[in-house]
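Make the full structure from the sequences, and use the hints.
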Amino acid sequence: MDKLSIKAPVNSLTSAKMQIKSGANEIYLSYISDKIKNLSFSGRGKTSINKVQTQMNYTDFCKIIELAHHNNVKVELAANVPMSGDSPGGGHEFQNEYIEYIREAITAGIDGIIVGDLGNLILLNKVDISTHITASTFFGVQNLFHVLQLEKLNVDKVCLPHHFTFEEMKAICDKTSMDIEVFAHFGCSFIESTCSLYHHASEKIDFGVPCRANFKIDGDDTCENILDMGEDCALCKLPEIIESGVKSIKMIGRELDYKLSSTITYVYSYAIQELTKGKNIHFILNELKNKIDFSFWDKSFCSIKRCKYNDFSYYI
Amino acid sequence: MKFEYRVLDNSIDITKKQIEDFDIISIGSEGCVHKIAELKKAITLSRELEIAGKEFSFITPKVPQKYMQPLLTYISKLINENENISIVFNDLGLLEGCKHNKVLPNKAIIGRGISRTFEECLWYEHILRDETDINKRTIIQNNMYDTNKSEFFSCYNVKGIECNMLKNQEESHRNLSKMGYELNLHYRYITTAFSRACQTARYFKSSVPNCTDKCRKGIELNMKNVWTRDITLSTEEIDMDMELKKLNPRFILMGNVLMRKTDIAFEQINYNNIHSIILDARLVSSDEMYTFREGIRNG
Numbered sequence: 001m002d003k004l005s006i007k008a009p010v011n012s013l014t015s016a017k018m019q020i021k022s023g024a025n026e027i028y029l030s031y032i033s034d035k036i037k038n039l040s041f042s043g044r045g046k047t048s049i050n051k052v053q054t055q056m057n058y059t060d061f062c063k064i065i066e067l068a069h070h071n072n073v074k075v076e077l078a079a080n081v082p083m084s085g086d087s088p089g090g091g092h093e094f095q096n097e098y099i100e101y102i103r104e105a106i107t108a109g110i111d112g113i114i115v116g117d118l119g120n121l122i123l124l125n126k127v128d129i130s131t132h133i134t135a136s137t138f139f140g141v142q143n144l145f146h147v148l149q150l151e152k153l154n155v156d157k158v159c160l161p162h163h164f165t166f167e168e169m170k171a172i173c174d175k176t177s178m179d180i181e182v183f184a185h186f187g188c189s190f191i192e193s194t195c196s197l198y199h200h201a202s203e204k205i206d207f208g209v210p211c212r213a214n215f216k217i218d219g220d221d222t223c224e225n226i227l228d229m230g231e232d233c234a235l236c237k238l239p240e241i242i243e244s245g246v247k248s249i250k251m252i253g254r255e256l257d258y259k260l261s262s263t264i265t266y267v268y269s270y271a272i273q274e275l276t277k278g279k280n281i282h283f284i285l286n287e288l289k290n291k292i293d294f295s296f297w298d299k300s301f302c303s304i305k306r307c308k309y310n311d312f313s314y315y316i
Numbered sequence: 001m002k003f004e005y006r007v008l009d010n011s012i013d014i015t016k017k018q019i020e021d022f023d024i025i026s027i028g029s030e031g032c033v034h035k036i037a038e039l040k041k042a043i044t045l046s047r048e049l050e051i052a053g054k055e056f057s058f059i060t061p062k063v064p065q066k067y068m069q070p071l072l073t074y075i076s077k078l079i080n081e082n083e084n085i086s087i088v089f090n091d092l093g094l095l096e097g098c099k100h101n102k103v104l105p106n107k108a109i110i111g112r113g114i115s116r117t118f119e120e121c122l123w124y125e126h127i128l129r130d131e132t133d134i135n136k137r138t139i140i141q142n143n144m145y146d147t148n149k150s151e152f153f154s155c156y157n158v159k160g161i162e163c164n165m166l167k168n169q170e171e172s173h174r175n176l177s178k179m180g181y182e183l184n185l186h187y188r189y190i191t192t193a194f195s196r197a198c199q200t201a202r203y204f205k206s207s208v209p210n211c212t213d214k215c216r217k218g219i220e221l222n223m224k225n226v227w228t229r230d231i232t233l234s235t236e237e238i239d240m241d242m243e244l245k246k247l248n249p250r251f252i253l254m255g256n257v258l259m260r261k262t263d264i265a266f267e268q269i270n271y272n273n274i275h276s277i278i279l280d281a282r283l284v285s286s287d288e289m290y291t292f293r294e295g296i297r298n299g
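From first to last, the protein sequence lines are chains A and B.
If you read the first sequence in the working numbering, its first letter stands for residue 1, the second for the next number, and so on.
If you read the second sequence in the working numbering, its first letter stands for residue 1, the second for the next number, and so on.
Quick caveat, the hints were computed from the structure, so don't treat them as lab data.
Wrong hints could be hidden among the right ones.
Okay, derived cross-link-like pairs now, DMTMM-like style, lysine to aspartate or glutamate, Cα gap no bigger than 20 Å in a straight line [stated by the list, open to error]:
{"no.": "1", "chain 1": "A", "residue 1": "204", "chain 2": "B", "residue 2": "125"}
{"no.": "2", "chain 1": "A", "residue 1": "51", "chain 2": "B", "residue 2": "220"}
{"no.": "3", "chain 1": "A", "residue 1": "299", "chain 2": "B", "residue 2": "230"}
{"no.": "4", "chain 1": "B", "residue 1": "136", "chain 2": "A", "residue 2": "34"}
{"no.": "5", "chain 1": "B", "residue 1": "66", "chain 2": "A", "residue 2": "168"}
{"no.": "6", "chain 1": "B", "residue 1": "245", "chain 2": "A", "residue 2": "206"}
Structure (structure tokens):
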């Protein structure tokens, strides 16, 4: 059985060093392009709601690639801007800038790109960019036929949306030679390909994470986070993820402090390593609690039941 | 311009008068496979519409793996019954499945689960505040205005697109129309997000799929507190600031689909490139439908 690979977020040279040291097998990142001001050619804005820079300059981007390759870590360019298309006047300015952004990254030595829009994917095929392509969660894949459609468009890996059952992961993994990726840490309430509650998009107004907000419900006296279906932690479910045939797990966190995101990577990396030795996940969790201060994890995920892939009763 | 009467429920109760009064009748679901009416009822309606000389459209949602084959069988039987039916797709996997199984309709339409614009975001102007004019126009246009997509979808018999009623889409409508698409505009309510894990089922403490009677009416929501998480994972709920309050973040949850009301009056829309207007029976009363339709017809 192949070892489950960890794809970790990187937002600076320092974060790259920490993620690699913490056990990331792949990293994903994007560099600053002056063609877009607040948004970017990746799936994030240039700054997050926490005012963290999600991107680095091109010089650091090149240094990160060199560092990663030196450590046998693969690098994917986040080129998953979910909107594109012809320019309204009939030209192709936005698409040309997008392609230029990718070509620069290829020149720097990236190993693959993450794409988030069908038109951009077809465009990449047309302009003959032949690098490893991951279809981002912005494709909103729900079933095998969608995976097979993407395979015809020369996609190598598909990242599935946040709400997926192990049975569904297995059904897809069994019927395709493409690599399948799932999210391990943090999650959305809605199918990302359909969600217009944009945040982490260089906003100055504080929207927070809108789907987790409290809402007053008409006809009900209470205020509650009715939209919040976010699932955040898959640590206990790593055995089932591995069993399903998934090749890699993706961590969210270009908007987080690198010390935190690399700690998350370390925890998953340690768990995967020990699982491959045949240890039980609950035994591993106890070991982890002795190795690091696990209180933040308990507080942020376990005690408030932010478990991923655990309760499917509201899944359609 | 045509008028479409849409019933998104497994219980379809369409009167003869409604068939007489509208050009197109549509059934199915944008969001949930469990809201699709029994095949027998759909076939009966299809026959009635064929006799009446009216168009029939079947709406399909995103389709989790285990429901794919049953839905493909359903579609196959529906097309066998009436080859002129149009089908609205909100899942590219289902579209691919129809092609693979040779059950593509003669007219496929891309639904709002795929056809999107950045303008659907309530705070799009704020996010795009510093972008160049050309970037703004490109980002807020409908994502189907793309030659690459258009060529791709032509192999799937895609002839129409469903769009939300928004104030900055006139240019997009003109461009999509030039591409040869029929544009079907939803009256008043804008889709904002679709979920796989159903909020309505959880709110009513029901379980999927035993919850189909819980989403016949929408749940109106008014944002009160913002949820934030700092870089160390510390979370807190804070009051909305004045800028956010001004945006009036009110939504309607219809099952697993989050919507909001459009901020444009229907009189301000240019209907030149619009093929049809879709009126959702869950959201628009009969009186309002007739008032709107007469208003449009009388210019």
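Hints, one by one, checked against the model:
no.: 1; hint: A:204 / B:125; verdict: holds (12 Å)
no.: 2; hint: A:51 / B:220; verdict: violated (31 Å)
no.: 3; hint: A:299 / B:230; verdict: holds (14 Å)
no.: 4; hint: B:136 / A:34; verdict: holds (15 Å)
no.: 5; hint: B:66 / A:168; verdict: holds (8 Å)
no.: 6; hint: B:245 / A:206; verdict: holds (11 Å)
In the structure shown, a violation is registered for the earlier hint numbered 2 alone.
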